[in-house]
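Colleague: Sequence:
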Amino acid sequence: MSQTTITLQLPDSLANEASATGLFEPSAIEKLIREELRRRRVDRLFDAVNKLSNLDAPILTEAEVEAEIQATRMARNPSHASRR
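Letter by letter, the sequence shown follows residues 1 to 84 in the numbering used here.
Wrong hints could be hidden among the right ones.
What the hints assert, rightly or not - Pairs of lysine to any residue, SDA-like flavour, derived with a Cα cap of 20 angstroms:
(1) K31 <-> A15
(2) K31 <-> R41
(3) K31 <-> Q3
(4) K31 <-> A20
(5) K31 <-> E17
(6) K31 <-> V42
(7) K31 <-> A18
(8) K51 <-> R39
(9) K31 <-> I6
(10) K31 <-> L8
(11) K31 <-> T4
(12) K31 <-> T7
(13) K31 <-> S2
(14) K51 <-> A71
(15) K31 <-> T21
(16) K31 <-> L14
(17) K51 <-> R41
(18) K31 <-> S19
(19) K31 <-> K51
(20) K31 <-> D43
(21) K51 <-> R40
To be verified - Computed spacing ranges between beta-carbons, pair by pair:
(22) T7 <-> T72: 45 to 51 angstroms
(23) A20 <-> A75: 55 to 61 angstroms
(24) K31 <-> L10: 17 to 23 angstroms
(25) I6 <-> E62: 35 to 41 angstroms
Keep in mind that the hints were calculated from the coordinates and are not lab data.
The beta-carbon is built from N, C-alpha and C at its ideal position, and this holds for glycine as well.
Could you build all of it, start to finish, from the sequences and the hints given here?
Modeller: See below:
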């Protein structure tokens, strides 16, 4: 696994508090970054859902969704059609 070194410029009071609480430990930084990345992915998902809900498009039935899935599978790999 390759690693990256980060240099931060923070106010002394913030840096001291973060250091005292262990936030500068590599595992803590990794956890913070992973949590933020996850939060941003969730935000993007909800943004996409909101955009889709604002579209003036007909709602597909379950059968129509299944037909679209099968058509996509067939287009990607014709052997998928015989699996269901």
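Colleague: Now, for every hint given, state plainly whether the structure supports it.
Modeller: Going down the list of hints, with the structure as the test:
no.: 1; hint: K31 <-> A15; verdict: 18 angstroms, holds
no.: 2; hint: K31 <-> R41; verdict: 15 angstroms, holds
no.: 3; hint: K31 <-> Q3; verdict: 15 angstroms, holds
no.: 4; hint: K31 <-> A20; verdict: 17 angstroms, holds
no.: 5; hint: K31 <-> E17; verdict: 18 angstroms, holds
no.: 6; hint: K31 <-> V42; verdict: 16 angstroms, holds
no.: 7; hint: K31 <-> A18; verdict: 14 angstroms, holds
no.: 8; hint: K51 <-> R39; verdict: 18 angstroms, holds
no.: 9; hint: K31 <-> I6; verdict: 15 angstroms, holds
no.: 10; hint: K31 <-> L8; verdict: 17 angstroms, holds
no.: 11; hint: K31 <-> T4; verdict: 15 angstroms, holds
no.: 12; hint: K31 <-> T7; verdict: 17 angstroms, holds
no.: 13; hint: K31 <-> S2; verdict: 17 angstroms, holds
no.: 14; hint: K51 <-> A71; verdict: 25 angstroms, violated
no.: 15; hint: K31 <-> T21; verdict: 14 angstroms, holds
no.: 16; hint: K31 <-> L14; verdict: 19 angstroms, holds
no.: 17; hint: K51 <-> R41; verdict: 15 angstroms, holds
no.: 18; hint: K31 <-> S19; verdict: 15 angstroms, holds
no.: 19; hint: K31 <-> K51; verdict: 30 angstroms, violated
no.: 20; hint: K31 <-> D43; verdict: 18 angstroms, holds
no.: 21; hint: K51 <-> R40; verdict: 16 angstroms, holds
no.: 22; hint: T7 <-> T72: 45 to 51 angstroms; verdict: 46 angstroms, holds
no.: 23; hint: A20 <-> A75: 55 to 61 angstroms; verdict: 58 angstroms, holds
no.: 24; hint: K31 <-> L10: 17 to 23 angstroms; verdict: 18 angstroms, holds
no.: 25; hint: I6 <-> E62: 35 to 41 angstroms; verdict: 48 angstroms, violated
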